[in-house]
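**Q** Chain by chain, the residues:
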Amino acid sequence: MVHLDNQAQSKLTRAAVIVFAILALLSTGRQAFVASRLYRQRGPVDIITLNERRFLGLRDVLPPDAVVGFISDKPYPAPFDDPVVYTDLTWAQYAAVPIIIVRDPEQEWILGVSRDPDGIAALSPGPSHRLIEDLGGGVALFRRVP
Amino acid sequence: MFFSIALSLALGFLLQSFFRVRLPASQWRLSLQLGLSIGWGVGISSYAFFLWTAFISPTGRGFLLFEAGLLLAAGIALAVATRRARPPIEDQDSASISVLNEIGPILLLGLAAAAGLSAVAFVSYAAHQPHGEWDAWAIWNQRARFLVRSGEDWRRGFSVLLADYHPDYPLLLPAMVARIWRSADSETLLAPIALSMLFTFGTVSVAFSALGILRGRWEAALAVFALLGTPFFIYQGAWQYADVPFSFFLLSTLALLCLHDHFSPRHHRLLILAGASAALAAWTKNEGLLFLPAVALAWCASPWLSGTKRRSLREAISFAAGALPGLLITLYFKLEVAPPNDLIAAQGLAVTIEHLSDPSRYLEIARGFLSQASLIGFSSEATPGRFDGWGIFPVVLPVYWLAMRVSRPARAQESDQAKASGAVLAFLAAALMLAGYILAYLLTPYPLAWHLDTSLSRLLLHLWPTLVFALLLDSARPGEAGASRADS
Numbered sequence: 000m001v002h003l004d005n006q007a008q009s010k011l012t013r014a015a016v017i018v019f020a021i022l023a024l025l026s027t028g029r030q031a032f033v034a035s036r037l038y039r040q041r042g043p044v045d046i047i048t049l050n051e052r053r054f055l056g057l058r059d060v061l062p063p064d065a066v067v068g069f070i071s072d073k074p075y076p077a078p079f080d081d082p083v084v085y086t087d088l089t090w091a092q093y094a095a096v097p098i099i100i101v102r103d104p105e106q107e108w109i110l111g112v113s114r115d116p117d118g119i120a121a122l123s124p125g126p127s128h129r130l131i132e133d134l135g136g137g138v139a140l141f142r143r144v145p
Numbered sequence: 000m001f002f003s004i005a006l007s008l009a010l011g012f013l014l015q016s017f018f019r020v021r022l023p024a025s026q027w028r029l030s031l032q033l034g035l036s037i038g039w040g041v042g043i044s045s046y047a048f049f050l051w052t053a054f055i056s057p058t059g060r061g062f063l064l065f066e067a068g069l070l071l072a073a074g075i076a077l078a079v080a081t082r083r084a085r086p087p088i089e090d091q092d093s094a095s096i097s098v099l100n101e102i103g104p105i106l107l108l109g110l111a112a113a114a115g116l117s118a119v120a121f122v123s124y125a126a127h128q129p130h131g132e133w134d135a136w137a138i139w140n141q142r143a144r145f146l147v148r149s150g151e152d153w154r155r156g157f158s159v160l161l162a163d164y165h166p167d168y169p170l171l172l173p174a175m176v177a178r179i180w181r182s183a184d185s186e187t188l189l190a191p192i193a194l195s196m197l198f199t200f201g202t203v204s205v206a207f208s209a210l211g212i213l214r215g216r217w218e219a220a221l222a223v224f225a226l227l228g229t230p231f232f233i234y235q236g237a238w239q240y241a242d243v244p245f246s247f248f249l250l251s252t253l254a255l256l257c258l259h260d261h262f263s264p265r266h267h268r269l270l271i272l273a274g275a276s277a278a279l280a281a282w283t284k285n286e287g288l289l290f291l292p293a294v295a296l297a298w299c300a301s302p303w304l305s306g307t308k309r310r311s312l313r314e315a316i317s318f319a320a321g322a323l324p325g326l327l328i329t330l331y332f333k334l335e336v337a338p339p340n341d342l343i344a345a346q347g348l349a350v351t352i353e354h355l356s357d358p359s360r361y362l363e364i365a366r367g368f369l370s371q372a373s374l375i376g377f378s379s380e381a382t383p384g385r386f387d388g389w390g391i392f393p394v395v396l397p398v399y400w401l402a403m404r405v406s407r408p409a410r411a412q413e414s415d416q417a418k419a420s421g422a423v424l425a426f427l428a429a430a431l432m433l434a435g436y437i438l439a440y441l442l443t444p445y446p447l448a449w450h451l452d453t454s455l456s457r458l459l460l461h462l463w464p465t466l467v468f469a470l471l472l473d474s475a476r477p478g479e480a481g482a483s484r485a486d487s
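Heads up: the sequence lines are chains S and V, in that order.
When the letters of the first sequence are read in order and numbered with numbering that gives the first Met the number 0, they come out as residues 0 to 145.
When the letters of the second sequence are read in order and numbered with numbering that gives the first Met the number 0, they come out as residues 0 to 487.
Some hints here could point you the wrong way.
Unchecked claim - What follows is a list of derived Cβ distance ranges for each label pair: (1) Val-44/S <-> Leu-33/V: 31 to 39 Å; (2) Arg-265/V <-> Arg-41/S: 35 to 43 Å; (3) Asp-45/S <-> Val-398/V: 34 to 42 Å.
It should be emphasised that the hints constitute simulated quantities derived from the structure, not laboratory data.
Ideal Cβ positions, reconstructed from N, Cα and C, are used throughout, including at glycine.
From just these sequences and the hints, can you work out the full model?
**A** Right, dumping it as C-alpha cells:
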C-alpha cells in the first residue's frame with residue numbers, strides 16, 4: 000500500500016480531473032455525433048406521430064367514454080409477449096385517449112389494426128361484428144350488430 | 000408554456016428559500032438552491048394540480064390563478080421571514096467565493112464543453128423521438144393525456160382496464176405535464192421534453208453544487224464529468240422516462256442529509272427539506288415507497304457505522320414532518336384513486352414462498368447483473384431504440400475512489416466525521432435500495448428474464464448519481480474543507 004501526503008493526493012485528484020474531462024468529452028462528443036446523425040436521418044415525421052394520424056378518426060366516431068376491443072393481424076388473443084401486437088395496441092391507446100382500448104373481442108366496438116395498410120379484409124372480429132368504418136392506413140372500426 | 004414552467008421554478012425557489020437554509024452564503028449555495036428548485040417547483044406544482052383536479056375542478060379552471068396567488072404568498076412570507084430571522088452564516092471567505100473564479104477558466108471550459116455536447120445529444124435524441132420512448136407514451140404522457148382529455152371523468156385514466164399501462168404509478172410527471180398542457184391550451188411535446196431536460200441537467204447541478212460545498216471544486220467537477228459522460232443517463236433523460244427525475248430526488252435527499260450533518264446539526268430545516276425530497280421520490284415512482292424507509296434506516300444506522308453522534312428524536316421528527324404532507328398526498332392517490340399495483344396484487348403467499356426458495360431465480364438475477372458489464376465501455380454503434388450503455392465511468396470512478404482511499408496517509412484521520420458519516424449514509428441507502436430491487440425481482444409475477452431485461456438498467460440508473468456523489472464525498476483528501484466552513 001502506498002501512502003501519499005496531502006500534496007501528492009491533490010496532484011492525484013487534479014490528474015483525475017484531466018482524465019475524467021478527456022473521457023467525458025470523448026463520451027459526450029460521441030453522443031452528440033451519434034444523436035445528431037439520428038436526427039438527420041429521421042423521416043419528415045416520427046413514428047409515433049405517424050401512428051397518431053392513423054387513429055385520428057377514432058375520437059370523431061366514438062364517444063370519449065367508450066371502451067373498445069382490439070384485434071390485429073395475429074389470431075386473437077395474441078400472446079402477451081408478441082411485440083408487434085403489443086406495440087400496435089399501445090400506440091393505439093396512446094392516440095385514442097380518453098377512449099380505452101382493451102384486449103377483448105367481445106366488446107360492442109372493436110378496433111382492428113393491421114400492419115398492412117390494405118389488410119382490413121383479413122381482420123376477423125367474429126361473426127357478430129360488422130365493419131362500420133375503414134379509417135385508412137390499416138385501421139378499421141367494427142361494431143356488433145344484433 | 001415557458002411561463003408556466005417558470006412559475007413552478009420560481010415557486011420552488013421561493014419555498015425552499017423560506018426555510019432559510021443555514022448554509023454558508025456563497026455562490027455554491029445559490030447554485031444548489033437553483034438545482035433543488037427544479038424538483039421542488041415541479042413537485043409542488045404537480046401536488047397542487049392533482050389536488051385541484053381531485054377536489055376543486057377536474058377541468059383545471061382557476062388553477063393557474065391559484066398558483067400565481069401561491070407564488071405571491073410565498074414571496075410575501077419569505078420577505079417577512081427574512082426581516083425577522085437571524086442573518087445567515089456569514090463566512091467571510093465563502094461569501095466572496097465566486098464559483099466561476101474558484102473553478103478557473105480551463106476547468107470551466109471543460110465543464111461547459113461537456114455540458115454543451117450533452118445538451119446537443121439530448122436535444123437531438125428528443126427531436127428524433129419527440130414523444131419519448133416506450134414508457135413515455137405507454138405510461139407517463141398517456142396518463143397526462145387522460146388528465147387533460149377526460150375532463151370531469153378524470154379518474155378514467157386510472158381504470159383497471161388500463162392495467163397494461165400501470166395506472167397505479169404516481170403522478171409527479173403526468174400531473175406536471177398535464178398542468179403545462181392546460182395552461183398552454185395545447186398538448187405541446189415541448190412540455191415533457193423541457194421537464195426531462197430540467198431534471199437531467201438539474202441532477203448534474205445538484206451533484207456539482209453539493210460536492211462543491213462539502214468537498215471542493217475538483218470533486219464537483221469530477222461529478223459533472225462522470226454523470227455527463229454516462230451515455231445512458233443522457234439518453235434515458237431524453238426518452239422522457241421517470242427514472243432520471245427519480246434519481247434527482249434520491250440524490251437531493253441524500254445531499255440535504257449530508258449538508259445538515261455537516262453544517263447545521265443543531266438546526267433542522269435541511270432535514271425538513273430532505274424529508275420533503277424523499278416524499279417527492281415516492282410521488283415520482285413506486286420505488287420511492289421503498290426509498291423512504293431505506294433512507295430512514297440508513298440515516299439512523301450511519302452514525303453507528305461511522306462512529307459519529309447518534310440521531311436524536313427531534314431530528315427524526317423534523318425529517319418525518321418534511322415527508323408527511325407529500326406522503327399523505329401519495330397515499331391518498333394510492334388508496335382512493337389508483338388501482339392495486341400489478342406486482343403486489345398478483346402474488347399469493349404460496350407463490351411468494353415458492354419464488355423465494357427457487358435457486359434458479361437467484362441465478363437469473365445474478366446473470367442479469369453480470370450482463371450489465373457488457374454495457375460498460377464505449378459501444379461500437381448506436382441504433383435507434385438502443386441506448387449507448389454505461390460508458391466508462393462505472394469503472395473509472397470506483398478505481399479513482401479506491402486509489403484515493405488506499406493512498407491516504409497512514410495516520411490520517413478524517414477531520415470531518417460528518418462527511419464520513421454522509422458517505423456511509425449514501426452507500427447504505429443505495430445498498431438498501433438495491434436489496435429491495437433484488438427482492439422485487441425474486442417476487443415478480445412477470446417472466447423474470449423479461450423483467451430483468453426491460454428494467455434492471457433503469458433501476459441501476461436510479462442509484463448512479465447517488466453513487467457518484469457518495470464515491471466522491473468519500474474520496475477527498477482528509478482535512479479537505481470544501482468550499483465553506485461548518486457552522487460552529
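**Q** Take the hints in turn and mark each one as holding or not.
**A** Now for the hints, and whether the structure bears them out:
no. : hint                               : verdict
1   : Val-44/S <-> Leu-33/V: 31 to 39 Å  : holds (37 Å)
2   : Arg-265/V <-> Arg-41/S: 35 to 43 Å : violated (56 Å)
3   : Asp-45/S <-> Val-398/V: 34 to 42 Å : holds (40 Å)
Violated hint: 2 only; the structure is consistent with all others.
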